[in-house]
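**Q** Residue numbering for the sequence shown follows my numbering, starting at 27 and increasing by one per position.
Keep in mind the hints are simulated off the structure, nothing from the lab.
The model shown is predicted, which means the values in this text are computed figures rather than measured ones.
You may find that some hints are simply not true.
[What the hints assert, rightly or not] Straight-line Cα separation of at most 27 Å, BS3-like style, residue types lysine-lysine; simulated pairs: (1) K128 to K74; (2) K32 to K128; (3) K74 to K106; (4) K152 to K128; (5) K128 to K146; (6) K106 to K159; (7) K146 to K106; (8) K32 to K106; (9) K159 to K146.
[Said to hold, decoys possible] Cβ-Cβ distance ranges computed for the label pairs, FRET-style: (10) Y30 to K231: 29 to 39 Å; (11) L137 to Q257: 18 to 28 Å; (12) S84 to Q45: 22 to 32 Å.
Backbone N, C-alpha and C fix where the C-beta goes; we use that ideal spot for every residue, glycine too.
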Amino acid sequence: MSLYVKPLRIEFEYNGMPQVITPSLIGDQQHAFLVDCGYAGFIPHIEKALDRHELSFSNLTGLIITHHDLDHVGSLAEIKRTHPHIRIIAHEQEAPYIDGTKTSLRLEQALATLCHLPEKEQPAAKEFICTLKIIEPSPVDQTISDCELLPWCEGMEIIHTPGHTPGHISIYLPSSRTLIAGDAVVIENNGELGIANPQHTLDLKEAVRSVQHLLGYEVDTLICYHGGHFQGDVRSALQRLLQSYAP
C-alpha cells in the first residue's frame with residue numbers, strides 16, 4: 027500500500043449534544059501516524075475508527091498533536107501509557123502545555139473571563155474550567171518546528187499556523203498535495219471555511235495570518251478536525267475566508 031491519508035470521522039455525544047471530530051490517519055507500508063486523539067476516554071472511539079482500516083494502536087508509529095486543547099489531547103496520556111511505543115510529536119511551543127510544564131493557555135483564558143460572564147453562564151464556565159484542570163499531561167517524545175520535514179510517509183511538512191494557540195501546527199503532504207489543518211480552519215454548517223471558535227481564538231489576527239500563509243501551498247485535499255474532508259476548491263475557499271476578515 028502506498029501513501030494514504032484517511033479522515034477518521036468520530037460521532038459522539040458531548041454534554042447531551044451530537045458532535046463530530048475528525049482525527050486523521052497518515053500511513054504507508056511501513057508507518058502509520060494518528061493526528062490528534064479526541065477527548066479523555068476516547069480510546070474506544072479511536073480503536074473502532076482504526077479497525078475500519080484494519081489497523082490498531084499497535085500499528086501506530088506516532089501521534090502528532092496539532093495543539094493543546096481538550097478535544098485534541100484528552101486521550102493522549104492514556105494512549106501513551108497503554109501503548110508506550112507510540113512516538114508523541116508536537117510543536118516546540120506547544121510541548122510545555124502538553125507535558126504539563128506550563129499551565130494551559132485555554133485554562134488561563136477561561137479563568138480570566140469567568141468573572142466577566144453573566145451569572146447564568148458561570149456554572150457552565152466553571153464546569154469547563156474543571157474539565158480543563160483535569161486534562162492529564164503527557165510526555166512529548168519529539169518537538170518540531172516550522173517547515174520541518176518529517177521523514178516518514180513520503181515526507182510530512184510541518185506548517186506553524188499560530189493563532190488558535192501559539193504552537194498550533196498544520197501538516198502538509200507534498201506527494202499528495204493534502205493539508206491536515208487541525209483547527210487552523212474549520213468547515214462551517216454552510217460548507218464554507220471559517221476560523222475555529224473566533225471568540226476563543228487566543229490571537230485572531232495571527233489566526234487570519236496563518237490562513238494567508240496556507241495559500242502558499244498547492245492543496246487538492248483539505249481535512250479539517252471540525253468538518254472533515256472539504257468539498258470544493260480549497261484555494262478559493264481560503265480566499266473567501268480571508269475576505270470575510272478584510273478591513
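**Q** Look at each hint and say if it fits the structure.
**A** Hints, one by one, checked against the model:
1. Note on K128 and K74: the hinted pairing is violated, with a Cα-Cα distance of about 33 Å set against a maximum of 27 Å.
2. Straight-line distance between C-alpha atoms of K32 and K128 comes to about 32 Å, which puts the hinted pair past the 27 Å bound.
3. The straight-line distance between the Cα atoms of K74 and K106 is roughly 18 Å, inside the 27 Å bound, and the hint therefore holds.
4. As the CA atoms of K152 and K128 are separated by approximately 21 Å, the hinted pair is consistent with the 27 Å bound.
5. For the proposed pair K128 and K146, the alpha carbon gap of about 31 Å is over 27 Å, so the pair is violated.
6. Between K106 and K159, the direct Cα distance comes to roughly 19 Å. Compliance with the 27 Å bound is thereby established for this hinted pair.
7. Restraint check: the Cα-Cα separation between K146 and K106 comes to about 38 Å, which exceeds 27 Å; the hinted pair is violated.
8. Between K32 and K106, the direct Cα distance comes to roughly 22 Å. Compliance with the 27 Å bound is thereby established for this hinted pair.
9. Using a Cα cut-off of 27 Å, the hinted pair K159 and K146 holds, with the two alpha carbons roughly 22 Å apart.
10. Taken as a hint, the range 29 to 39 Å holds for the pair Y30 and K231, whose Cβ atoms sit roughly 36 Å apart.
11. Restraint check, L137 to Q257: a C-beta distance of roughly 39 Å breaks the suggested window 18 to 28 Å.
12. Distance hint check: the CB atoms of S84 and Q45 are about 28 Å apart, consistent with the given range 22 to 32 Å.
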